[in-house]
Each structure stands twice: as C-alpha cells, then as structure tokens.
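Protein sequence lines, in the order shown, are assigned to chains A and B.
Going letter by letter, the first sequence gives residues 1 to 459 in full-length UniProt numbering.
Going letter by letter, the second sequence gives residues 1 to 237 in full-length UniProt numbering.
You may find that some hints are simply not true.
What the hints assert, rightly or not - Short derived list, chain B residues pointing at chain A, Cβ under 8 Å:
1. Q82
2. V110
3. Y186
4. D188
5. T196
6. S200
7. L204
Claimed, not checked - Quick list of in silico lysine to any residue cross-link-like pairs, SDA-like style, CA-CA up to 20 Å:
8. K356/A <-> S200/B
9. K80/B <-> S261/A
10. K212/B <-> S200/B
11. K340/A <-> Y325/A
12. K369/A <-> S405/A
13. K80/B <-> S393/A
14. K85/A <-> K80/B
15. K303/A <-> S261/A
16. K396/A <-> E426/A
17. K356/A <-> V180/B
18. K122/B <-> K219/B
19. K356/A <-> S393/A
20. K340/A <-> K219/B
21. K85/A <-> S200/B
22. K396/A <-> K80/B
Claimed, not checked - FRET-style restraints, in silico, Cβ to Cβ:
23. M210/B <-> P127/A: 20 to 28 Å
24. P414/A <-> A44/B: 31 to 39 Å
25. E199/B <-> I350/A: 36 to 44 Å
To be clear, the hints were calculated from the coordinates, so they are not data collected in a lab.
For every residue, glycine included, the Cβ atom is placed at its ideal position computed from N, Cα and C.
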Amino acid sequence: MDESARWRLLQSDWYSPRRLHDSPVRYDFPGDRFIPNRSLMDLDRAHGLLTNRTAPFNATSSFNEAYRQKLIENLTLDSQGRPFKIMVFRGSPKSSQKPIRFVDELRQEVASIFDNDCKQTPYRCIPKGEKRVLDAPKLRNDYYANIMSWGKNNILAVALGPELYLWNSEDQRVHKLLQVPGGNDWPTSVTWSEDARTLAVGYMCSSLQLWDVESSKLIRNLEGHSGRIASTAWNGRILTSGSRDKSIINHDVRAANNLASCIKRHADEVCGLKWSTEGNRLASGGNENLLYIWEASKMSSSKFLHRLSDHCAAVKALAWCPYQYNVLASGGGLSDGCIKIWNTQKGVCINSIETKAQICGLEWNRHHKEILSGHGYSIRENQNKLCLWKYPSMTKVGELGNHKSRIINLCQSPDGLTVISAGADETLRFWDVFGPPTAGNLMVSDLQGLLSFRTSVLR
Amino acid sequence: MASRSVAKDIITLRGSAAIVSEFFGYAANSILYNRGVYPEESFAKVKKYGLPMLLTQDEGVKSFISNLTAQLSEWLEAGKLQRVVLVIMSKASNEVLERWNFSIETDGEVVEKGVSREKSDKEIMREIQAIMRQIASSITYLPCLDEPFSCPHTSFGHGSSSSAGGFIVSLPLDVLFTGVFDVLAYTDTDVAVPFTWIESDPKLIANPQMVKLHSFDTKIHKVDTLVSYKNDEWDEQ
C-alpha cells in the first residue's frame, strides 16, 4: 500500500465513533446471558471429551490393595482437596401414609424413640398365629385349582387329592363325601351353592357334578366341557364353570337341558370366576392374563362388558367388594404380583398395588374396610404370606402366615370373621383376621400392636 | 437505648447455624412441594422470608425434617458440615432423578475463636428470598418427575430464572409423583456417624444437567445452591 492510501485509512478512523472501539459491555456476573455462571463447567475436560478419540478404557481391577486404598483416600477429597464422608439420614419414617415394608421397619424402631408426638391412630389387634391347623394330606399343589369352599351351612368342603371331605366347623366332624377311583382324575374345583344345599364339583377329566350333601348323593352330571374345570361360581340357579378348554358355560341346574349358554372368549384356561354380590356381573380371569367383565343378561362370546388387560400373569384371584357394588379386586400370578382394584361400571383401574408375589386368593373383610391377599411364590417379598391391606388407601396393615410353602387357596367363613388358607405344605390354617365384628373395637395403641406384630415377621 | 443492635446486626456462630438449618428446612419443604414429591393438599402456607412458604402437615415428614435440621444445626456449630444434598429418586427404579446440592463454606476463624460477625438480618433474608424464588421457578426448566405418565413440557434452557416473568407454564402437579427423597450430608471425616444416620454413597446422576442458583452468606456460613438433574430424553437433539 502506498503512503497516501494509509493516510486515508487513518483519517477515516478519526471519524468513526469512539464507542465502537470501546471494550465490550461489562456484565455483573462472569459469563453470558445464556449461562450466567460458568464456574461449574470444566471446559478443558469438556473439550477433551469431545475431541478425544481413544477407545474406552478397559478397567480390569488388577490393582492391589494398597493402591486401592490410596485411590479411595483420594476419591473422597472434594474439589478443594478436603476429605469428606457422606451420610444419609435414616431418622424417622418420611410419611405416615407409607406402607410398612421390611426396610422401613428398622427406621420405625428408631423413630419410635424420637416421635413422641406423632399421631397414633388406634388399631385393632391382628392375631399373630392361626386359630387352628388342619392336616390336609394329598392336597394337590396346583395353583389353578379351587379346592375349598365354605358354605352357609358352616360346612367346609375341601378336595384332597382324589377325595372330597366335608368338615363341619361347628362340631369339627369330618365326613368323606366322595373318592374318585382310578388315579387320573380328581376334583379341581369345589363350590357350594348360595343356599348351601348343593355342592358343585368340577373334575380334572372335564366332568361337572352336583351333589346333595344331606343325603351324600350325586344329583346330576353336567356335560359340556372338554378340559379340566378349574373354576366354578354360582348365581342363584345358574352354575357357571370355566375350563381349560377356554370356554365358560352357564348351566341352568333346574332345566333338563342344562346348557344355558357357552361362551368362548378366553384364549387360555379360565382360572378365575366370580359373580358379583347382586348377581348382575361376572368377572372371569384367564391364564392369558386377561380379565373379562360380563353382563348377566347379555352374555355371549362376543358380548362382554369390559376386557381388561392390565395384568401380566394369570388372573386367578377375584373378589367383589361387599360395600361398593361395582368394585372388583383382581390379583395376578407370579410375573405380575399386582392387586388391581377396578370400577367395573367404567372398566377403569382405580388402584394397583405391587405385592411382588404370586397372588392366589383375595378376600374382602366385610366388617372393616380391608382386603386380604394370599401369596404363593415370590422372588422378593411376601412369599407364602397373607397380607392385609386397608381399603381404599391400599396401605399394608400387616401380614400373617406360617405356611412352609406356597398358599394355594383362600376362603372365608360365612360370618366373615375367619379366613382359611390352604397351603402346598398340606395344611389348612384358620386365621381370625377379620374380626371383631362390632364397631366397638378393642383399641390397642398403634405402635404396640405393630411392634408385637413385626417381631413375628422378623422371626 | 434498645438492647437490639441498630443498623448492622451481630451474628454469632450459633445464630448463623440456626439461620442455615432453618433455611434448609424451608428449602426442603419447598422442593418437596414444587417437585410434587408429596401431594399439594398436605402442605400449608406460612409466612417466612417475606414470602408465602409451604410447610408439610404430614407428621412423618415434619418430624423427619425437624430431626434432620437439628442435627445439621449441631454440625454447623461445630463447623463440620460441608454440604447437604437432597436427592429425589424414582420409587420404581431407585434411580436418582434430581440432586439439590447446598454447599456450605464455614469461616474457620469464627469456629475456632468464637468471634462474631456483622451482617444485617434484612440482607440475609433478601438473599434467602432470592433462592426460594428460584427454587419455586425451577419447575419451568426441570423435567417432569411424574411417571408413568409423560407430560409434555418445554425446556427453557438454563436461562436465569428471574427472567421467567413472561412464561406461564401449567404442569400437572395433581398427578402424584411416586418417588422417594433422601438427604445426604457431607461432613469432615472426623465426625462420628450419629445413630440415625448411616454411611452412604453420593447417589450421583450420570451426565447431569446442572443449574447454579443464587447463594446466601451470613458472613459465618456461605451457602451455595445447585440443582443437577437427569437429562430428559426430550432434550437430546
């Protein structure tokens, strides 16, 4: 460039406004308007990570102990080089509404020392042990069978292997009703009719029989199924049976041609069947994890009220709520382990609790708003136990159970105070868990009741 | 003359510890409310720091926080507390979703010699107020915690939350987040682990997003607030 041109440049500089050459505006904080504070960012490391192309480090721990100690010491130094240690607070339970789990039990023991003013809702005493144990030899360890039923006549009918026994709960007498000859057939489902005059027995080889218990005589043989009958339910004079042949048959037991309707909807064995208390709805649970709700007046293979597919395992446990007429509780098998509460009017799941164990039976407490669940196999908790849940909050009130192996069936006494659990350990255990029946309950202090309760679990 | 100091207030070590632990109690309540860890109905409004602050009415949570702050106060007076972290985890997967980190710098001279400092109470309250406002407005950029429902949310980036005046975001906080929270304390190594605490891992988040909030200083303890959270899938472009 020649001299004159350079001169011209310099001259033009004089006319440029001074503020363009000023230093940029200073902000109050170090950083920019995008990230107000960059002190957190390790820009060198970030750059390194972005541009580094070396393969990931293969960390095989072949370090010796001394080196590892050194590492630990250094890793517990914070950014300023100060050593520190980390503690987590385990002082008291974080919510008085949380269900009591094993982990929280330890916390609560400590909390009881601290919490002098925590609200103590008085609760009734739940028995730790069973009232009675009956020996049940040859009881079949079959999840799908429903081999117990306690009728309004106070007689418990239970199928042990190929034999069916009647146990009178008033005088404890035992009477053998029937024995299936051969060796390849046995009862798989037993249900008393509502007036407890007839006993319906479904068999492995697909036969369905009606017995009159007064005279110990077989009244009728009902045909229709081609697979074992694992579940039956009475609705007045209709007996509904569900079978491994995937069909549900409604039998009219007074008509000569008993087949009222045959429903083929399930894709696998029908393992749970329950009519609602009013008799207008039927809930059927299948081994294909589906739960169907049917309307009594319009039941056919294509006409169902709801198809509920929330469960991830067989739906065997079904129980209709005695105080809310549209509410149904269902329990899933091993891979599911959830108790789900449904509004069958809308077909919506109101609540779902994970119990992490196979659920084989559900019984509602008619005297207090609770539901009891019986459990079988489990990977984690609640194995072989009976769990009591408060309704509708579904918080766990407690658990019982001394069964040595999984519980297969649950059934409730006609007065609604006792529950029997049939276990694969060949015992029938009676639990007085639903009482007392009146409103004037024995008020035991909350913590007292639970503390004594917990020690039995920790055993 | 009134016995209260005029203009500048004297702060003792004990007073400062009380201020910081009380701050933590209110901040924890605010976080539990704003992040939906407990249902809204279980909180009640009180006036504190010149703001309507929400405190839980659940007896269990109340006693948990009060026992916690009592212990923190003790450690603060001894000058042994380095930081307090409130961790929010998913109940289902036990994965850490959020970490609210409060780092504490203690003036060693005050702990050793027992001197006191001067700072106006009002000033401290103003600083705390700013932090509380930031916690409340953090919901504008923190990812939704409710599960299994996925709620649509817009992320406003890391901008200073005080500029959030023009944004109106409604998040479905009536959906209860089924999560748990834990409180970690980082202390000096010579502190004995008390009965109600156990040694723990730091419960870190892998590749977190971090936002630094305001800090406050009592001239004896300086508290910095930082929230780090798990990267939401929505953010990854």
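Status of the hints after comparison with the structure:
1. For Q82/B, the interface hint holds, since its Cβ comes within 8 Å of a Cβ in chain A; the closest pair sits about 5 Å apart.
2. With its C-beta approaching chain A no nearer than about 17 Å, V110/B sits outside the 8 Å limit, and its interface hint is violated.
3. The interface hint given for Y186/B holds, since its Cβ lies 5 Å from the closest Cβ of chain A, which is under the 8 Å cut-off.
4. Taking 8 Å as the C-beta contact cut-off toward chain A, the hint placing D188/B at the interface holds, the least distance being around 7 Å.
5. Satisfaction of the interface hint for T196/B is found here, the shortest Cβ-Cβ separation to chain A being roughly 4 Å, below the 8 Å cut-off.
6. The restraint placing S200/B at the interface with chain A holds, with a minimum CB-CB distance near 4 Å, inside the 8 Å limit.
7. A least Cβ separation of about 11 Å between L204/B and chain A goes past the 8 Å threshold, and the interface hint is therefore violated.
8. Under the criterion of a C-alpha separation no larger than 20 Å, the hint pairing K356/A with S200/B is inconsistent with the structure, at around 27 Å.
9. Restraint check for K80/B and S261/A: the C-alpha separation of about 78 Å exceeds 20 Å, so the hint is violated.
10. For a cut-off of 20 Å, the pair hint linking K212/B to S200/B is broken: about 24 Å separates their Cα positions.
11. Taken as a hint, the K340/A and Y325/A pair is honoured in the structure, with Cα atoms around 16 Å apart against an allowance of 20 Å.
12. Between K369/A and S405/A, the direct Cα distance comes to roughly 28 Å. Violation of the 20 Å bound is thereby established for this hinted pair.
13. The hinted pair formed by K80/B and S393/A fails the criterion: a straight-line CA distance of about 42 Å is larger than 20 Å.
14. Under the criterion of a C-alpha separation no larger than 20 Å, the hint pairing K85/A with K80/B is consistent with the structure, at around 11 Å.
15. This hinted pair checks out: K303/A and S261/A have alpha carbons roughly 12 Å apart, not beyond 20 Å.
16. For the hint pairing K396/A with E426/A, the CA-to-CA distance comes to about 27 Å; that exceeds 20 Å, so the pair is violated.
17. Taking the CA atoms of K356/A and V180/B, the gap is about 19 Å. The hint holds against a cut of 20 Å.
18. Pair hint K122/B plus K219/B holds up; C-alpha atoms about 13 Å apart against a cutoff of 20 Å.
19. Taken as a hint, the K356/A and S393/A pair is honoured in the structure, with Cα atoms around 18 Å apart against an allowance of 20 Å.
20. Pair hint K340/A plus K219/B does not hold up; C-alpha atoms about 56 Å apart against a cutoff of 20 Å.
21. Restraint check for K85/A and S200/B: satisfied, since their Cα atoms lie roughly 8 Å apart, inside the 20 Å limit.
22. Among the hinted pairs, K396/A with K80/B is inconsistent with the structure: their alpha-carbon atoms are about 40 Å apart, more than 20 Å.
23. Roughly 54 Å separates the CB atoms of M210/B and P127/A, a value that falls outside the hinted 20 to 28 Å.
24. The given range of 31 to 39 Å is broken by P414/A and A44/B, whose C-beta atoms sit roughly 48 Å from each other.
25. Between E199/B and I350/A the CB atoms are about 41 Å apart, so this pair conforms to the stated range of 36 to 44 Å.
When held up to the earlier numbered hints, the structure conflicts with 2, 7, 8, 9, 10, 12, 13, 16, 20, 22, 23 and 24 and fits the remainder.
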